[in-house]
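Enquirer: Position chain B against the provided structure of chain A, taking the given hints into account.
Protein sequence lines, in the order shown, are assigned to chains A and B.
Residues 18 to 238, numbered by this note's numbering, are exactly what the first sequence covers, in order.
Residues 18 to 238, numbered by this note's numbering, are exactly what the second sequence covers, in order.
Hints are computed from structural coordinates only; laboratory data are not their basis.
Accuracy of the hints is not assured; some may be wrong.
Unchecked claim - On the chain A side, residues computed to face chain B include the following (Cβ under 7 Å):
1. Ala39
2. Gly43
3. Leu47
4. Leu84
5. Val86
6. Ile89
7. Ala90
8. Leu91
9. Ala93
10. Ser200
11. Leu206
To be verified - In silico EDC-like links for lysine to aspartate or glutamate, alpha-carbon gap of 16 Å or less:
12. A:Lys124 / A:Asp65
13. A:Lys107 / B:Asp75
14. A:Lys107 / B:Asp154
Glycine residues also receive a C-beta, built at the ideal position from the N, C-alpha and C atoms.
There are 2 protein chains.
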Amino acid sequence: MGTEHTVRSFDEEIARLRGLIAEMGGLAELSAQEAVHALIHRNLELADAVVMRDKKLDALEAEVDRLAVRVIALRAPMADDLREVVAALKIAGMLERIGDYAKNIAKRVERIEVSKAFEPLTLLPAMAEVATDMVHDVMTAYAARDAALALDVIERDAKVDAFYNSIFRNLVSHMIENPSTISSAAQLLFITRNLERIGDHATNVAEMVHFAALGTYPVEE
Amino acid sequence: MGTEHTVRSFDEEIARLRGLIAEMGGLAELSAQEAVHALIHRNLELADAVVMRDKKLDALEAEVDRLAVRVIALRAPMADDLREVVAALKIAGMLERIGDYAKNIAKRVERIEVSKAFEPLTLLPAMAEVATDMVHDVMTAYAARDAALALDVIERDAKVDAFYNSIFRNLVSHMIENPSTISSAAQLLFITRNLERIGDHATNVAEMVHFAALGTYPVEE
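Chain A on its own, in the form it takes in the complex (with noise of 0.2 Å):
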C-alpha cells in the first residue's frame, strides 16, 4: 500500500527539520560566544568569522521555510505534526535573528578602542554567559522536547535585563567622567543591548518549544 513507507519519509522530513533548527541553535549559540570573545580579546580575524557565520545561519533559514512549506504541502499535518512544523517555522526565524545580534556585537568590535580594563567590559563577559547559556539550554529543550527546561530558560532572561540596567548605567557615569571614551562606550551600549535583545529571543524560543512540547504558551506573569 506505500502507507509504511510515506509514515516512514514524513518522520524523516520531521527529523531533517528538527536537524536544521539543532544546526541553526548550535552556530547562533557559537556566534554570540564568539562575537564577546572576539571584542573582550580585540580578536577582528574571529569576529569576521562571526560576520560571515551569519550567512550561513540566513541560508539555513530558507532551507527550513521551503522544507516546512513541503511538509505542510505535501503532507498536510494535522495537529502534533502540524504545531511542530509551525513551531520549527518561527524558531527558525529566531535563532536567525540571534545570529544577527551576534553579528552585530562583531561588526562593532573594530570600533571599540578601549583597554581591556576598561570597566564595562568586567561585566559583559558574564551577561554574555547568561544570555549563551539560554540559547545553549532553549536548544536541549527543543531537542527533549522539555517544557520544564524551556521555562526555566524564561526565568532566566529577567538577569540578563538586570545586566543590561546595571551596564547600561556604568557605561553612561564612565561617559560623562570620560568624555574621550564616549564613542567606544556608545558600541557598547548597542552590544549590551544585542545581548539583552539574544536573551529576549532565546526567551521567544522557549516560548515556541513549550507551545510545540504541551500545544499552550507559558502564562505570562
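Expert: For chain B alone, kept in the frame of chain A given last:
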C-alpha cells in the same frame, strides 16, 4: 456537493487573514509615527498610548498564527495559496516587531530631558518619516500584491541607514561637547537605532510581499 461552499469559505479565510495583516500594518505604522511625535512634543500620554497598543498587536499576531494554522490544517492549501498563508505568518511576526520598536521608542520618551532645540532631535522626524512611509507603502504593496512597489520600499532602506549613521555621529559629538546631556543622548542613540530597525523590518516585509506575489525573493545586490 458542498464544493462551492468550501471554496468560498477558503477565500473568506484568506481574506480574513489579509485583513488582520492590514490591521496590524496600520497599527504598527501609527505606533511608529506617534512614538516619534510623542518624543518631539514631549507628550507622555501619547507615549503611553503607544505602549498600550502593543498588546493589541501581540493579540493580532496570535490570531494570525491561529487562523493560519487552521487554514493549513483544514484546507491543506497548495502552491500560491500556501505561499500566501506562510507569508502571512512571517509578516505578522515582522509587524509585531515593528510595533515592539515603536513601543521601545515610546518607553524612552520620559527618560529624555532635553529641549526641542537639541540638535539631533531636528533630524529624527525626517528619519522617522522615511521609515514610517516604508511601513505604509509596504502594506499598500501587500494589499495590491505589488512586487514593484515592494522593491521600491527595499531601495529606500539605504536612506534610513544614512540617517542613522549621520544622527549617530551627531549624537556622539554632542555627548563629547555636552557631558550633561549624555544620558538623554544615549536614549536617543537607541531611538535612532529603533527607527533604523523599523526600516529593516519594513524591508523584510517587502521581501515577503515579493515572495508571496511572485514566488521568489528579490535578488540580493
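Enquirer: Each hint needs a verdict: does it hold in this structure or not?
Expert: For each hint, the structure was consulted:
no.: 1; hint: Ala39; verdict: violated (21 Å)
no.: 2; hint: Gly43; verdict: violated (23 Å)
no.: 3; hint: Leu47; verdict: violated (24 Å)
no.: 4; hint: Leu84; verdict: violated (12 Å)
no.: 5; hint: Val86; verdict: holds (6 Å)
no.: 6; hint: Ile89; verdict: holds (5 Å)
no.: 7; hint: Ala90; verdict: holds (5 Å)
no.: 8; hint: Leu91; verdict: violated (9 Å)
no.: 9; hint: Ala93; verdict: holds (4 Å)
no.: 10; hint: Ser200; verdict: holds (5 Å)
no.: 11; hint: Leu206; verdict: holds (6 Å)
no.: 12; hint: A:Lys124 / A:Asp65; verdict: holds (8 Å)
no.: 13; hint: A:Lys107 / B:Asp75; verdict: holds (15 Å)
no.: 14; hint: A:Lys107 / B:Asp154; verdict: violated (25 Å)
Violated hints, listed in ascending order, are 1, 2, 3, 4, 8, 14; each of the other numbered hints is respected by the structure.
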